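Q: Let the sequences and hints guide you as you build the complete structure.
If you're matching them up, the sequences are chains A and B in order.
Residue 1210 is where the first sequence starts when you use the working numbering, and the numbers rise one by one after that.
Residue 1210 is where the second sequence starts when you use the working numbering, and the numbers rise one by one after that.
Hints should not be assumed to be uniformly reliable.
Note that the list lumps identical chains together, so a pair holds whenever it fits in one copy or between two copies.
[Unchecked claim] With a Cα cut of at most 16 Å, we get these calculated EDC-like pairs of lysine to aspartate or glutamate:
hint : residue 1 : residue 2
1    : Lys1416   : Glu1375
2    : Lys1402   : Glu1424
3    : Lys1396   : Glu1357
4    : Lys1488   : Asp1464
5    : Lys1460   : Glu1431
6    : Lys1289   : Glu1276
7    : Lys1488   : Glu1452
Read the hints as simulated data drawn from the structure, not as lab findings.
Nothing here was measured: the structure is a model prediction, and the numbers come from that model.
Number of protein chains: 2
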Amino acid sequence: MRIILDAMGGDLAPREPVRGAIMARNEFGCDITLVGQEAAIQKVLEQDGIGQLPPGIDIVNATQVIEICDNPSTAWHDKKDSSMTVGLKMLKDGKGDAFISAGSTGALLSAGTLIVKRIPGIRRAAVAPIVPTGAGHAVLIDAGANSECTPEYMCQFALMGSFYAEMVLGRENPKVGLLNIGSEPSKGSELYKQVHQMLTRAGEAGKLNFVGNVEPTSLSSEDAVDVIVADGFVGNILLKAMEGTANFLVKGLKDVFTTNLKTKLGYLMIQGNMGGFKKMIDSRETGGTAMLGLRKPVFKAHGSSDAYAISHAIGKAVEFVNAGFVDAIAEHVDSFQLSTEEK
Amino acid sequence: MRIILDAMGGDLAPREPVRGAIMARNEFGCDITLVGQEAAIQKVLEQDGIGQLPPGIDIVNATQVIEICDNPSTAWHDKKDSSMTVGLKMLKDGKGDAFISAGSTGALLSAGTLIVKRIPGIRRAAVAPIVPTGAGHAVLIDAGANSECTPEYMCQFALMGSFYAEMVLGRENPKVGLLNIGSEPSKGSELYKQVHQMLTRAGEAGKLNFVGNVEPTSLSSEDAVDVIVADGFVGNILLKAMEGTANFLVKGLKDVFTTNLKTKLGYLMIQGNMGGFKKMIDSRETGGTAMLGLRKPVFKAHGSSDAYAISHAIGKAVEFVNAGFVDAIAEHVDSFQLSTEEK
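A: Printed below as a string of structure tokens:
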């Protein structure tokens, strides 16, 4: 298996992607192709005192870099020799099994959709991060790819999310919930009411295990859902609200722990047991975010990814490829088409 | 000043509203009318060993109670002798200066809009809770009243929110941000792009201090905005995501603190300094949530409000009445009307 890694994507590129590739090679044994400015990659190796890349990792030169300020819709085309464009073309041409980038989400989504293309029958690709819940984790889909959705898109997200949760969370018959502001079917906007009806019918037809609306407050419950369905705008607000609130509280907590000598000593006594808590809110632990609905596996790693996060994302991509997720979706895509009655 | 309190609203009614009224009477000196089943209220007094209500608090009997399962749109009309309907009619008739209920938000909003009515020129009433941010607090508007919004509604929310922030947060020229998934004006759904344009023009016209889009992750910043503008669906998702994440983390933290004797001792050393942290995430501290845009002050207290939370909400309502918020909105309502050009 070969993972294609965007060496120039993210706030800490190329240093951390290069280090992450070496880490992942040791841990997961997969081949890795670093795509990016060869000289910059070599410089990282020199600085780290590594003469050359270990066997199993190679470099494909790409002279351009897609920046956050570039127009996400056209960047891949405007910069044809960018690491992202070159890497995705390699993926499309079968020169690797998955592509990972910590670069611009918008650019990666446009480039992925236009270069790798969607699975026939899938209306829109969606971003599906794994988020912490009281039950462990859940798949949130869509978390930002599609700010405008039709009910049909969202039903397809639900079905893809269900497959993905089965695979990554190992849950049989995953519980699928529709993100909403109340549990009653009549809650929310017109779009959400329609999706609720369609998912209810899809559930009755045995296509997925729809458990109804879920409010963000219920995600901390021990029997929280496995899949949270949302349009990309609302899903992204949820994701960022969770991240923002966690950062806010952790900062407040740090202030408490460092107030005075007594609290510092108190923290020392607790510190050894904080690991699970930290892990719970550490975005590095969840790996890359899958872009579901494309013909080949494409992953977005967090923009601030360090080597550990990159390596973790590579590990998750390996799992994804091994599980044959894309083939599974393509095989079942007929069941994703809604009958006239269901629309 | 007289505050009309729904004695039957909320999970802990009538006990906690009755206790909260007595607490608030002592602290704020306002007159309070408890509306609800007289026998049930008297029973609370007996159980608490209080023979009769202190001077300044009286009871108006209302035989019915609006339950969470009642249809929120019609409950006030179906149950004409409910505490909510009777209390709001008293408010409308000038028999009090503000109404507070911890009952169903939906029912209160419908009843408030239909009994008390909107300020002429205001298109929709909105729910405007105070939420914690890195800068202290911000007004979130709308947090759940209107699942479907036009750009015009949202611009009025922004203007009302700006007035309210000036009053409750004491900020001059409050910074108004539009909740969104990115900082660029092109981000988000069609609705949000239009609102961004309209608020930019309103800012240029000197009607408010619009600072652009804000992402939920930026709310923990020390220079966070004072007003967060959203449609009611997205605003409610944000509010509940903040609440849910905070509860989730606090639960995780409790587990850490109670792991073993060592962590318990560590917690004892920190405990004395946890006050500020707890206050930061305690919904009881923010008082009731104002329903802005109505002709008289109506407040929703949290459904799980205890006596302290009710008393705090009464205190905030007193401030609101003293500040003359409704008159200020009514006076400036002309500037809330968008010119044809602005639409």
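Q: Hints first: check each against the structure and report whether it holds.
A: Hints and how they fare:
no., hint, verdict
1, Lys1416 with Glu1375, "within (13 Å within a copy, 52 Å between copies)"
2, Lys1402 with Glu1424, "within (14 Å within a copy, 26 Å between copies)"
3, Lys1396 with Glu1357, "between (19 Å within a copy, 11 Å between copies)"
4, Lys1488 with Asp1464, "between (20 Å within a copy, 14 Å between copies)"
5, Lys1460 with Glu1431, "between (26 Å within a copy, 12 Å between copies)"
6, Lys1289 with Glu1276, "within (13 Å within a copy, 62 Å between copies)"
7, Lys1488 with Glu1452, "within (13 Å within a copy, 20 Å between copies)"
When each numbered hint is compared with the structure, no violation occurs for any of them.
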